[in-house]
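Position chain B with the ligands against the provided structure of chain A, taking the given hints into account.
Line by line, the protein sequences are chains A and B. The first sequence begins at 1 in the UniProt record's numbering and counts up by one. The second sequence begins at 1 in the UniProt record's numbering and counts up by one.
Fair warning: there could be bad hints in the mix.
Stretch-level coverage of chain B by chain A, calculated; a stretch enters the list once three of its residues show a Cβ under 8 angstroms from a Cβ in chain A [unchecked claim]:
| # | region |
| --- | --- |
| 1 | 5-14 |
| 2 | 110-121 |
| 3 | 137-149 |
Because the hints were derived from the structure by calculation, they are not lab data. By construction, the Cβ of each residue, glycine as well, lies at the ideal position given by its N, Cα and C atoms.
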Amino acid sequence: MTATRPAIEVVGLTKSYGDHTVLDGVDLTVPEGTVYALLGPNGAGKTTIVNILSTLLAPDAGEIRVAGFDVRRDPGGVRAAIGVTGQFSAIDELLTGRENLRLMADLTHLGRAAAATAVTVLLERFDLVGAADRRAQTYSGGMKRRLDLAMTLITRPRLIFLDEPTTGLDPRSRRDLWTIVREQVADGVTVLLTTQYLEEADQLADRIGVLDGGRLVAEGTAAQLKRRVPGGHVSVQFTHAAALAAAAAAHPEATSDVDALTLQMPADGSVAGLRRVLDGLDDEGVAGLTVGSADLDDVFLALTGRAAEAPAAEEIPA
Amino acid sequence: MSTAYTVRDSATMLRRNLLHIRRYPSLSIMLVAQPIVFLLLFVYVFGGTLGAGLPGQGAGLPGQGGGGDRGDYLVFITPGILIMTVASVALGTAISTATDMTTGIIARFRTMDIARASVLTGHVLGAVLRTGFAVVVVAAFAFLLGFRSDAGPLGWLGAVALLVLIAFSLTWLTVGLGLAADSVETASNTPLFLVMLPFISSGFVPTDAMPAGLRQFAEHQPFTPMIDTLRALVTGAEPGADLWLAIGWCVLIALLGYLWSRRLFLRVPTK
Ligand SMILES: Nc1ncnc2c1ncn2[C@@H]1O[C@H](COP(=O)(O)OP(=O)(O)OP(=O)(O)O)[C@@H](O)[C@H]1O
Ligand SMILES: [Mg+2]
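Isolated chain B, as found in the complex:
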């Protein structure tokens, strides 16, 4: 199978997945609604109190002293919420992949001489585009609530690139979870940890505020460098070493997710 055909088949499968996304909008709406609900909840219910607990430097708007207010908290959690949006859409990808695998047309694809992984590539590319859409909606919502930033064009470009990379890696992982699941229900449960993990990271409160064991976990789990990097990029700060850590995690997760998904999909079943 030549590279040209691989690209062509992947594009065909992407078109198919985009049609699916368009024809079944309720899933997308649900996936976008969830992070927006969290954003509202955290900013308006907890934001006043949590904002007061923020350290002055480096967390909220740069140059601010002392504890912050609700507005500072909005700025603080928006990066975490954006990454949670990526995770939320990735959860949807596990569901839609598992659902797709139960349909007869997948069996037809398996009997055709096509670039076989293109079925998966179509899912991944479609999901990344859906993530882009969701992130834009949620970000617009944050702006509506008053999110402002001093980040320059380079910072924003970096933020977009990072979000795409995170979307790509989490999506390959959830495509694998969708393929490995024996039912659609399983596929909607196994990736829940992706939506939970951002809570135990630097996304909602600074990790210093956590008890020792939890703090260690929070500081070393992959979402923390991703969120810290994104926060630095959208507030115009220097991401530093976190950037490389975040990229490293993304590449690792994407690679493992890809190899795992490929193996699950390409094997000829004996049962």
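With the rest of the complex left out, here is chain A:
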């Protein structure tokens, strides 16, 4: 065993409530210093995994080691290493933002001066200086979310769990949060996040696991996952509506967007396929052309949609 054992090692994790199986044999390995994204529809079991890994919930079975500690035998060791920003707000609404951060600093046993400095730095970093002395009750959803994350980071965890960290954030705050996650990773912190936003997984994660019905139905880098779904596309932009209409008539399989004057046609990524698309086009009416591979949205739909219809997750090539 080398010094750098994985930050998270999960083998055969199962969990059920009564006869409702929520996690059905999940295997997961997250190397230290990397970002892993769990992607899955509502009810897939993302929060359940986060709760079990963060010692909030007891698993039914499985070998689960977090930061090198067994979650059942040594939960204290796990807790000392992790920081959690759960799906639901974990702030003290009766306290001010500053008091919330101070509470976390005190519970981490920072000295008086170190705590004061850390609180000031984080209030600034998370754009909460103006609201620092107001009760968290009065914060907007985005401000609460930022405070929540600041409270997690003030304890300087080596491993961070973020359960849908950007749900409810505006685009700017989301980008700010991405930057903060990247800074943490640059410092060597490991991050396991769950998200409904495919772009987010694409932007942040080294590896992505697609969770559906309590099973990891696919796993890999964003690029690997995209390659699994053959459906790339060619998107053609026209100069006028008549040209669009003509092309749309010739390609009944395509979807047209009249307002944007574009036509999107499925393509398998081969040169022959691309030539077939181009052959039918009139040079005059075309303003531009882009060739795109499948995005993560397609992957998500293809993998989870199919798995939801038929219990045939195995059909997806591993």
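Relative to the frame of chain A, chain B with the ligands by itself:
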């Protein structure tokens, strides 16, 4: 987890609970108002009649003969009212504990490497301080109505110590009730017996005045030795064996409440 960290984390949690108490004063006001209303009701509505029924010796001011008046009744029920104040604040503790457990920050505490029972210790210490405040307010009210006593400093010191001990034990019990409750509404109902029990004790009328079955219950339930001891201490009399009985009950309730609360809070849920 070292003892030093346990103490430090408990102090941190106490600070948190004191902030909560300060930010949500209406609960404290309601909890103090209730025993004051009972005090006024019993002294002014029932006091004339009930005072006349008091035995002369040992119940009211020492050395008095025959039945008493409204003033004697005030002296007679003040200890019971003070202990009812403790019970009333303890009821509030069940509510605030249950409310706190529904907030997300408790889940955060559970994922942190802190002295875990400190969350509960914070509640208990905060509640004991709140009880102290409530008891002082209610006692001041009794003095305002004319309560006077011959008790010396030692008697008062003993009374304060006893009230703290009772507060401590009832609070551990109601923290447990708050943790065990599946909702805040349940938590505000289950501890109601604590506010009712003092009525069936030596607190409002001497137990001799009750029919046989009730009297037996009244004489053997924990509030009776507590109230009798407190009455003896604040009137300058000797508490006798009741003192040890009262202390025994307090220690027992505190211990059971503590162990129960701890078990409820520390288990890792499977659901
Ligand atoms: N305490 C519980 N009792 C019974 N079933 C539960 C319990 N908690 C979760 N579940 C079930 O477990 C499944 C997974 O829930 P989980 O919260 O992990 O999903 P999720 O992937 O986080 O979904 P979302 O995107 O909506 O947050 C759901 O079907 C849910 O109904
Ligand atoms: Mg969830």
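Here is what the structure says about each hint:
With a threshold of 8 angstroms between beta carbons, the proposed coverage of the region 5-14 of chain B by chain A holds, since 4 of its residues qualify and at least three are required. Residue count for the region 110-121 of chain B with a Cβ under 8 angstroms from a Cβ of chain A: 5. That meets the three needed, and the coverage hint holds. For the region 137-149 of chain B, the assignment as covered by chain A is violated, since 0 residues bring a beta-carbon within under 8 angstroms of that chain's beta-carbons and 3 are needed.
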